[in-house]
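Here is what each chain is made of, one letter per residue.
There are 2 protein chains.
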Amino acid sequence: MRHSLPLPHDEPPSVGLIGFGAFGQLVARHIAPYAPVFAHDSRNSLEDTAQALGVQLTDLRTVARCRIIILAVPVQAMADVLESIAPLLRSDALVIDVGSVKVKPVEIMVSLLPSTVSIIGTHPLFGPQSAGQTTAGLKIVLCPARGPYHTVAAFLRKTLRLNVIICTPEYHDQNMAVTQALTHWLAQGLKTLEPFSPHLTTRSFDLLRDAMKMVEKDAPQVFEAIECLNPYASSMRKQYLGLLSTLDKKLDTLTPA
Amino acid sequence: MRHSLPLPHDEPPSVGLIGFGAFGQLVARHIAPYAPVFAHDSRNSLEDTAQALGVQLTDLRTVARCRIIILAVPVQAMADVLESIAPLLRSDALVIDVGSVKVKPVEIMVSLLPSTVSIIGTHPLFGPQSAGQTTAGLKIVLCPARGPYHTVAAFLRKTLRLNVIICTPEYHDQNMAVTQALTHWLAQGLKTLEPFSPHLTTRSFDLLRDAMKMVEKDAPQVFEAIECLNPYASSMRKQYLGLLSTLDKKLDTLTPA
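Protein sequences, first through last, are from chains A and B. Residue numbering for the first sequence is 1 to 257, as defined by UniProt numbering. Residue numbering for the second sequence is 1 to 257, as defined by UniProt numbering.
Simulated from the structure, these hints should not be mistaken for laboratory data. A few of these clues could be false.
What the hints assert, rightly or not - Cut-off 30 Å, straight-line C-alpha distance, at most; resulting in silico cross-link-like pairs (BS3-like, lysine-lysine):
1) Lys-238(A) to Lys-213(B)
2) Lys-139(A) to Lys-238(B)
3) Lys-213(A) to Lys-217(B)
4) Lys-158(B) to Lys-250(A)
5) Lys-250(A) to Lys-213(B)
6) Lys-139(B) to Lys-238(B)
7) Lys-139(A) to Lys-191(A)
8) Lys-139(B) to Lys-238(A)
9) Lys-139(B) to Lys-158(A)
10) Lys-250(B) to Lys-238(B)
11) Lys-238(B) to Lys-217(A)
12) Lys-238(B) to Lys-250(A)
13) Lys-213(B) to Lys-217(A)
14) Lys-139(B) to Lys-139(A)
15) Lys-191(A) to Lys-191(B)
16) Lys-191(A) to Lys-249(B)
17) Lys-158(B) to Lys-249(A)
18) Lys-191(A) to Lys-158(B)
19) Lys-250(B) to Lys-213(A)
20) Lys-191(A) to Lys-217(A)
21) Lys-249(B) to Lys-249(A)
22) Lys-217(A) to Lys-158(B)
Predicted, not measured: the structure shown is a model, and the values here were computed from it.
Chain A with its partners taken away, still in its complex shape (with noise of 0.2 Å):
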């Protein structure tokens, strides 16, 4: 059963897409088929990927205007982004972002949306290169910060038979800092070690190198959001340092002269 985009409206409601890189095109392209999508980018030539997609580029104040908005920036320009477009939004905007970390982002919408604009945050937890033809079975984390979402995590789990889990902005931010931020971080720390020798690695070793070989391709400034803008990343990974630490001094102490 297909259900057009959320809210009980006769017609789906229009979409605003404010970021039209290689998240935002992908939103596009699950999105499109259930609605129409207006797209804005700062950045030229993206016409035809546009094209398509089925969605119209066009000026951020159209966007802004649209029932549902989409932020698809780095999570380090949603604050700029978020006064841009507070002053042309809708009264009854619902307004959605992706961003891989949830505090941050869920506290300034809130503080910089008007009062009657509803705010969503979410995580979908895959990228454009998980996600290929379907969407199905894949996680994507909702945190519910203002008025309904109910329409919209039917629509997720329904339409796009994604995998949706609910949750506070800080349960989220606490457990990616560990099985997001430590991950980042030690693939961050072993690329620095390569290169590796290709026949001298056990299992455990290539399945550990294929989970830095999916991280490292993500944008340094997706990296610097997933450390430094989860407000528990740097004391996870300074706890883990220090049982790394303890755990190499215990393996000296054992070890034979």
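Go by the hints and put chain B onto chain A.
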């Protein structure tokens, strides 16, 4: 084409297996179809397993008189075992170890065994979990130390269909200090951060956790051998700790107050 176990004899040489734990049993399972296998283990109650594998459990003296001796004991126990068997060995014996590190085992085999005895260090880059019914395509490192090794290499390659990697013990340990020692140490450290959210994970973390699960089943003695008996492991851990610490500090300077 099936080759019977190495060396130019009309009938397959007897194989003496010292150590009949999980790895010794794995060796027996793949060797017994091609040669008579005699095994010795200081523990009891392995009769049923031995019978099922077509292996005869016997005393150390009988095992030590075989043409080929395979040491499937912890690296830590190897010197004691070598001192016990050195006076018992045939002058034309071939001794093979299967330890996770290679510099030290090869060093002590060369120094403790009679000069007429041939010696090959090996490291099968798989374990009882990863080797199912067949060894085809799995990797084994072979470090020739004294005497001929081509017939053993040919048996491993053609009959067991292993991917045989021939190198020096130093090359093995240098590379494994990264691909094995770092992986196991990171896994042990990560284990202490459990439990993780079963939901809030990315694909790259799932891979990292899979790598961790493979490694954490290893016996503590295996972990210690990998970390403490590889002469390059300690400095590699410190190099990686340094890289992680530097990156952590750099990220802190990028973090908004």
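Hint check results:
1. Simply put, Lys-238(A) and Lys-213(B) have alpha-carbon atoms about 23 Å apart, close enough for the 30 Å limit, and the pair holds.
2. Of the supplied pair hints, the one linking Lys-139(A) and Lys-238(B) is violated, its CA atoms being roughly 36 Å apart against a limit of 30 Å.
3. For a cut-off of 30 Å, the pair hint linking Lys-213(A) to Lys-217(B) stands: about 25 Å separates their Cα positions.
4. Between Lys-158(B) and Lys-250(A) the alpha-carbon distance is near 43 Å, which puts this suggested pair outside the 30 Å criterion.
5. As the CA atoms of Lys-250(A) and Lys-213(B) are separated by approximately 22 Å, the hinted pair is consistent with the 30 Å bound.
6. The straight-line distance between the Cα atoms of Lys-139(B) and Lys-238(B) is roughly 28 Å, inside the 30 Å bound, and the hint therefore holds.
7. Taken as a hint, the Lys-139(A) and Lys-191(A) pair is honoured in the structure, with Cα atoms around 27 Å apart against an allowance of 30 Å.
8. Proximity of Lys-139(B) to Lys-238(A) is assessed by CA-CA distance (about 36 Å); at most 30 Å being required, the pair is judged violated.
9. With a C-alpha separation of about 45 Å, the suggested pair Lys-139(B) and Lys-158(A) falls outside the 30 Å cut-off, and the hint is violated.
10. Our distance criterion of 30 Å between C-alpha atoms is met by Lys-250(B) and Lys-238(B), whose separation comes to about 18 Å.
11. Simply put, Lys-238(B) and Lys-217(A) have alpha-carbon atoms about 26 Å apart, close enough for the 30 Å limit, and the pair holds.
12. A threshold of 30 Å between alpha carbons decides the hint, and for Lys-238(B) with Lys-250(A) the separation of about 13 Å falls inside it, so the pair holds.
13. A hinted pair counts as satisfied when its Cα atoms are at most 30 Å apart, and Lys-213(B) with Lys-217(A) qualifies at roughly 25 Å.
14. For the proposed pair Lys-139(B) and Lys-139(A), the alpha carbon gap of about 35 Å is over 30 Å, so the pair is violated.
15. Restraint check for Lys-191(A) and Lys-191(B): the C-alpha separation of about 22 Å stays at or below 30 Å, so the hint holds.
16. Our distance criterion of 30 Å between C-alpha atoms is met by Lys-191(A) and Lys-249(B), whose separation comes to about 17 Å.
17. For the proposed pair Lys-158(B) and Lys-249(A), the alpha carbon gap of about 44 Å is over 30 Å, so the pair is violated.
18. As the CA atoms of Lys-191(A) and Lys-158(B) are separated by approximately 36 Å, the hinted pair breaks the 30 Å bound.
19. For the suggested pair Lys-250(B) and Lys-213(A), the alpha carbons sit about 22 Å apart, so the restraint of at most 30 Å is met.
20. At roughly 11 Å between alpha-carbon atoms, Lys-191(A) and Lys-217(A) fall within 30 Å of each other, so this suggested pair holds.
21. For the suggested pair Lys-249(B) and Lys-249(A), the alpha carbons sit about 21 Å apart, so the restraint of at most 30 Å is met.
22. Between Lys-217(A) and Lys-158(B), the direct Cα distance comes to roughly 40 Å. Violation of the 30 Å bound is thereby established for this hinted pair.
The earlier numbered hints that this structure contradicts are 2, 4, 8, 9, 14, 17, 18, 22.
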